[in-house]
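Fit chain G to the given chain U structure using the hints.
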Amino acid sequence: MTEEAVTNEHASQVASAPIISATDVDKVFPGKGGQVVALQGTNLDIASREFVSLIGPSGCGKTTLLRLIANLDSISAGTLLVKGKTPQQARLDRDYGYVFQAPGLYEWRTVKRNVELPLEIMGIDKAERQKRARRLLQLVGLEDFEEHHPWQLSGGMQQRVSIARALSFSPSLLLMDEPFGALDEITREQMQQEVLRLWSETHTTTIFVTHSISEAVFLSTRVVMMSARPGRITEIINIDLPHPRNEDTRESERFFELVTEAREALRRSERASG
Amino acid sequence: MKRSFDNLFPLLVVLAVLFLLGYPFAFLMGYPLAKTNLEDHNRWSQQTIKAFEPVNVSDLSNLKFTDSISAETGLLVFEGTPVRSAYTVDGQLLTLESDSLQPVQLTPLSGQIDGQNQVFRTERPTTDHPLYLNDRLLEPGYEKPPEKPDGVRLTFTFTDTQGVFALHGQLLVPGKDYTLDGTTLTLSQPASLWLSLRTEPDWARPIRVTGDYAWADDATLVLKQAPPAGSTLQLASAVVRWAQRLDGVVDGQNRTFHLRHKNLVSNDAQRQIYVDDHLLRTQGRRPQQRADGQTTTFTFPEPGGIITLNGNALTAGQDYEQNGQTVTFKQPPPRLGQLLQFDYVIADAEQSQLVLALPPASGSVVWANTYTVYDKPRCGTNVFECFLSLPQHPVPLPHWLFTTAPTFFAKHPWESDTNVVREVLYTARGTLVALLAGGFVGLLLAALFVIIRPLERALLPWVIASQTVPIIALVPMLVLILANFGITIQTSILPTAIIGGYLSFFPITVGATKGLRSVDPLALDLMRSYAASKWQVFFKVRLFAAVPFIFASFKVGAAASLVGTLISETETSNAKGLGFAILGQVQAGNVADLWLLFIISSLMGIVFVSAVGWVERLVAPWMRKV
Chain U
1 MTEEAVTNEH ASQVASAPII SATDVDKVFP GKGGQVVALQ GTNLDIASRE FVSLIGPSGC
61 GKTTLLRLIA NLDSISAGTL LVKGKTPQQA RLDRDYGYVF QAPGLYEWRT VKRNVELPLE
121 IMGIDKAERQ KRARRLLQLV GLEDFEEHHP WQLSGGMQQR VSIARALSFS PSLLLMDEPF
181 GALDEITREQ MQQEVLRLWS ETHTTTIFVT HSISEAVFLS TRVVMMSARP GRITEIINID
241 LPHPRNEDTR ESERFFELVT EAREALRRSE RASG
Chain G
1 MKRSFDNLFP LLVVLAVLFL LGYPFAFLMG YPLAKTNLED HNRWSQQTIK AFEPVNVSDL
61 SNLKFTDSIS AETGLLVFEG TPVRSAYTVD GQLLTLESDS LQPVQLTPLS GQIDGQNQVF
121 RTERPTTDHP LYLNDRLLEP GYEKPPEKPD GVRLTFTFTD TQGVFALHGQ LLVPGKDYTL
181 DGTTLTLSQP ASLWLSLRTE PDWARPIRVT GDYAWADDAT LVLKQAPPAG STLQLASAVV
241 RWAQRLDGVV DGQNRTFHLR HKNLVSNDAQ RQIYVDDHLL RTQGRRPQQR ADGQTTTFTF
301 PEPGGIITLN GNALTAGQDY EQNGQTVTFK QPPPRLGQLL QFDYVIADAE QSQLVLALPP
361 ASGSVVWANT YTVYDKPRCG TNVFECFLSL PQHPVPLPHW LFTTAPTFFA KHPWESDTNV
421 VREVLYTARG TLVALLAGGF VGLLLAALFV IIRPLERALL PWVIASQTVP IIALVPMLVL
481 ILANFGITIQ TSILPTAIIG GYLSFFPITV GATKGLRSVD PLALDLMRSY AASKWQVFFK
541 VRLFAAVPFI FASFKVGAAA SLVGTLISET ETSNAKGLGF AILGQVQAGN VADLWLLFII
601 SSLMGIVFVS AVGWVERLVA PWMRKV
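Sequence order for the protein chains is U and G.
Counting from 1, one number per residue, gives the positions in the first sequence under the working numbering.
Counting from 1, one number per residue, gives the positions in the second sequence under the working numbering.
Honestly, I wouldn't trust all of these hints.
[What the hints assert, rightly or not] In silico DSS-like links for lysine-lysine, alpha-carbon gap of 30 Å or less: (1) LYS50(G) <-> LYS376(G); (2) LYS534(G) <-> LYS85(U); (3) LYS514(G) <-> LYS32(U).
[Said to hold, decoys possible] Output of the computed footprint for chain G on chain U, the stretches with three or more beta carbons under 8 Å from beta carbons of chain G: (4) 97-104; (5) 110-124.
[Said to hold, decoys possible] Only part of the chain U face toward chain G is listed, based on derived beta-carbon distances under 8 Å: (6) ALA70; (7) LEU72; (8) ARG91; (9) LEU92; (10) ARG94; (11) GLU107; (12) HIS149.
For the record, the hints were derived by calculation from the structure and aren't laboratory data.
Since this is a predicted model, take the numbers as computed values, not measurements.
All C-beta atoms in this analysis are idealised placements derived from N, C-alpha and C, irrespective of residue type, glycine included.
If we strip away everything but chain G, and leave its shape as in the complex, we get:
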């Protein structure tokens, strides 16, 4: 009982250390990445802020919205124009005080509403007018695949398989028109390019309806779900929306405004900022001339605007003089510098601060129809959650290793060349040969050093110098030279033996030399009193006295041989052995498998060093007392 505990104890210590230190260590190593995921806005989820339609537009004098609204932060917009006439706002309700607006017509869509039909025809309005199912406002939305149709292509990839697929104004029937393999959709016949030439090219590729509905071509609406029989499906004739006001004084001078949601996404093509009914363009405009490092005068398509150089806003009067469309710089912009003219620029994305090129005239409204902000970290609310949600921890969590191991071994079955056991055996063979080679050379050198003393002074500097040559530099050279002799690592164990032996012979030489010299003077006196010859002293005393040193140096040498063998395996197109497997996982960036391979190679090292110990007990039983 006591004995088995003694044997078990080291294992328990190892496990305890692995677990107690493993978690804090893994956390420490993963902390920077987790912190970046938490704090870097580019890794956050995005939220699109939109002006929103009322639930019902049949009676404009009594509009109801799904959320509470406030006249301070928002405004009513009719067909892209702020409503000037007076209205009152109370909670979710809005009441227009006069009938100044054109009434909104609700046009029923043509098509059967029988609980089956999902396709309806109507002329598509130039702006997206809202669609109502009974009193419910429907949400549009679709996804288009990245592949371009070319009249031949059959496969298109999507991010998800939810929803229905449509093409050329037709609902696609699963099994008949297409098959799905994962998220890859394969059409039964290629999408016609001829049809797409006639219309917008987008309709030539299949779309996935992700919202309640989507336009499948210029005259066809496809609903994700068929409206139940008896319900009404109506398209409004005009767009009425509640839009967001921008914060900022409108006094004819102020040009700085804030959006109400922070952390603006800078490269947002959907952003729509208006001054009254005038849409400020998000896209910049190029001058006619290119910046070549010499030109100072540039002609822009329009007068005014904010001029930016490589994304940085310049100051009029200080950096340049503007005269109509012509801009003259004090210093020529650098070659290939990107000059752009903007209606407005983002001064501070985090604070969602915009600077307009022209100050809005007093009495006008600055409002946003739609814009996108970074919402919140995708990974969680704190560093710890973000750490746990990392897809790959730089240092894996201890328990995670145990759960990964079975899949790792299942991934490489015995039949496969990449099977771990086979790789380990291959590497073990190389290590053994390398150790024997290094041991032979090491012992030979040590014996020579002890027997012929001057030889040590002559050769030891070279032996030491050999170890300062980086093995990484040596291996390709050696492989190259041996290849000239027709010896490759695929056909011969020699390269591995040389590289592993090269690393292991040094500790063995040093250890064995020290051992052969470390004879008790008393033992030497005794041999002298027996008038023993030099050889008798060597073989009957020195060799035996050196045994503990030799085995200790062989233990170091065994570890060095393993390292050398692993390195030699990374250097070749051999595709065998643990070293090659490690290299493969490094290149694949597969942290979990990499750590498993590390652990396996450390275990190999332990086994090899212990094996030297077993041999020692076998060869030198007298050492048992130690």
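Bound-form chain U, shown alone:
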């Protein structure tokens, strides 16, 4: 798939049906002590170019939902369509890039070769691979670290490489599972800024799993509240903060209002399930 093709496809998606369409999705894990219901009756539509955060307590199924979309696990019941296809087809079509909580870089590859890996697997020729990898590393500000090995980078830098790698093949969907969970507050805020910049530059629909209310509010166009036992969606908040967002946004009145609203919504859903 060439870059142009991806962009064209991306453009055609904008106007059409939702990128993610989940209807009554259940996920049940069989276990020794009986079944564990990870997700129940999940309904969620995500449109193109959206930035949706999934937030909720541990065990609410937000990571499970992400993994179902990525076809790393399969659904137990219901319908889940990714770009109108089954998740498996979407995975085989390489429709998404996935960023895990841990950077998950291959330590035997240099930074550049890590970014090249998905392209290598897709069978793209070497010159093209290197061109794209270089461009993406520029995008995440790591062009000077191409030939470094992962262990020579800080945690934040590693996570940026991991994001570059997920974006290397220009997927129309970016799935991020608590990518900044292990980072310190300052790095975290820088990374959030960076992700927003990437999102606005690449127009990639992003689903972002997080524990942090302020992170969810700052980044998202919509925040999906989830609660545990069984995992389900309880509420969805629209975030109407203007773009581009920056450090001033974090100190704006509206930001605090939305954070408070999200927090109360979370408490409500906690009580409901409690």
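For chain G alone, kept in the frame of chain U given last:
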């Protein structure tokens, strides 16, 4: 500075451990042997206790001895008979109170006393009469070689080269009559057997004069040193000696006596114990019949005596009935049992306790002319000294290894096939090939196990079973089979590769399988998200994730290959390689060289394992962070 210390530190630790633990360990391992040397009488030096002659016999009424004497512990013996007439003893002096004894004649020996002549002629008395040089009593002594003369033989071996050599009553002249090579004496012409037929056979072989003099034939005395001109050399006409009394009551009933020196040597042919002038024979006498397990009645040459069966004294009346020369046993002695009749037996060698067959009549004297005892440990006075004096320590002392090493290397020069460096190179080549063979098989099996899972369950039991077959049993079989194909270890590296590879492929299989399976699940999820194929996962992720495991298993495999190669080298007539050298030293019982070879093979192992580490750093530079 800091860095070089860091590099040096492990070496220092090794040396410190080697030295601190080496000595106690070597002592611990050598302790049993040292203790045996200290305590086992058979390993002690021997001392012959003899009745001794007075310094001067010209005046029997005034005898002087070299040592203090006491009438309680000793007695005067004249020509083998205790002196009955009264004498008094005072220190070294003895005074006879009457002239009851024949005066001793001193006969000057014929021959020139000019400071040169060492050979003197006189008729040899039946008993060894003392020889006096001026007033000094001379000590006889000679050594005869073990070889028997046959009229042709030229070479004879001695234990030492000190002293002069004599043959047929002639002093041998060095260079003319004989040459010495070490302790081997070579005569210029064979000793005549004809002469020896005429006389005692002993004179037909050369003797070495070890004492002051020795009889070289029945009429010739050879002195070690020529007597100085003007001195007198006289042979006494009778033997006067101060002999040792045995402890024990002489009351006509007691048969148990003790010698004054402890730790009697049991098999001592020179022992002479007397009752009055009667010599008790040390040799036992056989009965006419042989013990066949059925015969109960035996006829001995003499009546009485102590009867022993296989060295154990029997009790008359209980074990047997005696009637003159006829002895009737209650139970037939076992077949081939050795029955002997003795004048006396040693009841307790350590206490030097003797039991006589007949109780000496009251008023008689029991005395010893000569006997031999174990004197003291040859090795020292305590275990530690005995340990240090061991000719070969089972575990060598650390410093001793360092002093042995140069001679060891000098013993095997570069040109020699047994040169250590060449052996090491030979073994290293075998180990390398074995490791490559084992590595290839191991990696192949591991890859198959991971790619085709059921194969692991099918084959792993066989792989494990292969390792339970003792390699020692397998090697001869393999060598035999390969020899049928014309492949021998002399002509091909294949047997070594198979044996070493056989030992090394197992850890590599297990390690690599584990490594290929031990991929981070996250890495696999990522590959899945890229829709990577099974082969892409294998070659881009599994193989790399397995690298640390593979190299760790190769380190184990390298050591196993070395062991296998060493074993394969012991199995052949190849006569090459460290394994063969080790086997040779084991058979030669050469502990020092053996330990050196052990150390060399351990160093080889260290080098091989480190080499795997170097390759790892070369092949997998990302591992540097570890």
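Okay, the hints, checked on the actual structure:
1. LYS50(G) <-> LYS376(G): holds, 18 Å
2. LYS534(G) <-> LYS85(U): Distance of about 23 Å is within 30 Å: holds.
3. LYS514(G) <-> LYS32(U): Holds. LYS514(G) to LYS32(U) sits at ~26 Å (cutoff 30 Å).
4. 97-104: holds (count 5)
5. 110-124: Coverage by chain G holds for the region 110-124 of chain U (5 residues, Cβ < 8 Å).
6. ALA70: Interface hint status for ALA70(U): holds (6 Å vs cutoff 8 Å).
7. LEU72: holds, 5 Å
8. ARG91: Hint on ARG91(U): holds, closest Cβ of chain G at ~6 Å, below 8 Å.
9. LEU92: holds, 5 Å
10. ARG94: Since the shortest Cβ distance to chain G is 6 Å, the answer is holds.
11. GLU107: holds, 5 Å
12. HIS149: holds, 5 Å
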